[in-house]
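**Student:** According to UniProt numbering, the residues represented by the sequence shown are 1 to 345, in order.
Derived by calculation from the structure, the hints in this document are not laboratory data.
Misleading hints may appear alongside valid ones.
Said to hold, decoys possible - In silico lysine-lysine, DSS-like type, Cα no more than 27 Å apart, as pairs: (1) Lys3 x Lys292; (2) Lys3 x Lys300; (3) Lys6 x Lys119; (4) Lys3 x Lys119; (5) Lys89 x Lys3.
Claimed, not checked - Quick list of simulated restraints, FRET-style, between CB atoms: (6) Thr285 x Gly224: 29 to 35 Å; (7) Val167 x Lys3: 52 to 58 Å; (8) Glu208 x Arg14: 25 to 31 Å.
Glycine included, C-beta positions come from ideal geometry on N, C-alpha and C.
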Amino acid sequence: MTKKLKTGVIGLGRIGQIHLSNLVHHMPDAEVIIASDLSPAAHEFARNLGVPEVVTDAYDVINHPDVEAVIICSPTPFHVPYTVAAAEKGKHVFCEKPLDVTLEAIQAAEKAVSDNNVKLMLGFNRRFDANFSNVRHLVADNKIGEPHILRITSRDPAPPPVEYLKVSGGIFLDMSIHDFDMARYIVGSEVKEVFVKGDALIHPEIREFGDIDTAVIVLTFENGAIGVIDNSRKAVYGYDQRLEIFGSKGMAKAENNTTDTLIHFDSNGGHSSLPLHFFLERYETAYRVCLKTFIDCVLKDTPSPVDAHDGLMATAIGIAAMKSLTEGRSVKLDEVLQEATAIQE
Numbered sequence: 001m002t003k004k005l006k007t008g009v010i011g012l013g014r015i016g017q018i019h020l021s022n023l024v025h026h027m028p029d030a031e032v033i034i035a036s037d038l039s040p041a042a043h044e045f046a047r048n049l050g051v052p053e054v055v056t057d058a059y060d061v062i063n064h065p066d067v068e069a070v071i072i073c074s075p076t077p078f079h080v081p082y083t084v085a086a087a088e089k090g091k092h093v094f095c096e097k098p099l100d101v102t103l104e105a106i107q108a109a110e111k112a113v114s115d116n117n118v119k120l121m122l123g124f125n126r127r128f129d130a131n132f133s134n135v136r137h138l139v140a141d142n143k144i145g146e147p148h149i150l151r152i153t154s155r156d157p158a159p160p161p162v163e164y165l166k167v168s169g170g171i172f173l174d175m176s177i178h179d180f181d182m183a184r185y186i187v188g189s190e191v192k193e194v195f196v197k198g199d200a201l202i203h204p205e206i207r208e209f210g211d212i213d214t215a216v217i218v219l220t221f222e223n224g225a226i227g228v229i230d231n232s233r234k235a236v237y238g239y240d241q242r243l244e245i246f247g248s249k250g251m252a253k254a255e256n257n258t259t260d261t262l263i264h265f266d267s268n269g270g271h272s273s274l275p276l277h278f279f280l281e282r283y284e285t286a287y288r289v290c291l292k293t294f295i296d297c298v299l300k301d302t303p304s305p306v307d308a309h310d311g312l313m314a315t316a317i318g319i320a321a322m323k324s325l326t327e328g329r330s331v332k333l334d335e336v337l338q339e340a341t342a343i344q345e
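Working from the sequences, and respecting the hints, build out all of it.
**Tutor:** Below is the structure:
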């Protein structure tokens, strides 16, 4: 009989419910034996999926003697405490991003995982989207030559509530962080410098707590490539997710996913379907592939493809981006990393 990875899920909000459903319906190599959340509605959701034990305390999941891997979908401030606690219990960890908004906390999680010889994988699901992963393979196989210019467009269909924005960590750590990870992944090189221009053009009131909703970010990579990311919290036509990499041998790009490829022409011009509405639809398959990859890497004892270092670097770029915005200058990533090291010492 094939071994099943016994898992516990912490947090049954929107993303937690996605992961739980995927574990139950699409992961034959995994078994969910316990889940936790504070919401009675979330408890009912889990029980309807056949989860045998549903609790309110996340540490009941971490301390469960039969749990081999913990899926952490809690709010960001709990990611590192739960990761460290799970690692100390010898449990492998799949954790939603960002791992944390501070480099010091991420380094603590990285140490706990290393010291206890467990695996940590972060939920940067866009790496597992077929469009983007195919572009990465072309770069890795030298099909486009030396990377010169990366362009990423990432725009949400509508902004979240202002109340959420007040506690989200800011656009760079709650939205752009996906793009920072994708930039490193696609180019295959670390970012060495960040420059940002941005403003609150959709919700001017968020300037009061130091956030923006519209940004253009320029990245300089260690291999000499240049990246440009444009972000917006509101694209009236849908979830705009495009990417292009240009190099010495050519160019590769991934366009938006739509419900169909039909284009209708009439006297007023051409008409086509809008991009898929939001991340739940756009990255539905990527979420499954991402989680399946984690299960496989635990069962087959292979390295995590998205580890604490990836989380550290994505957060470092986000911190550098905010520093660039507030100080009106380019910020070298070493500056941010060295500040974190000084604090640790």
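**Student:** Against the structure, test the hints numbered earlier, and report the numbers of the ones violated in rising order.
**Tutor:** 7
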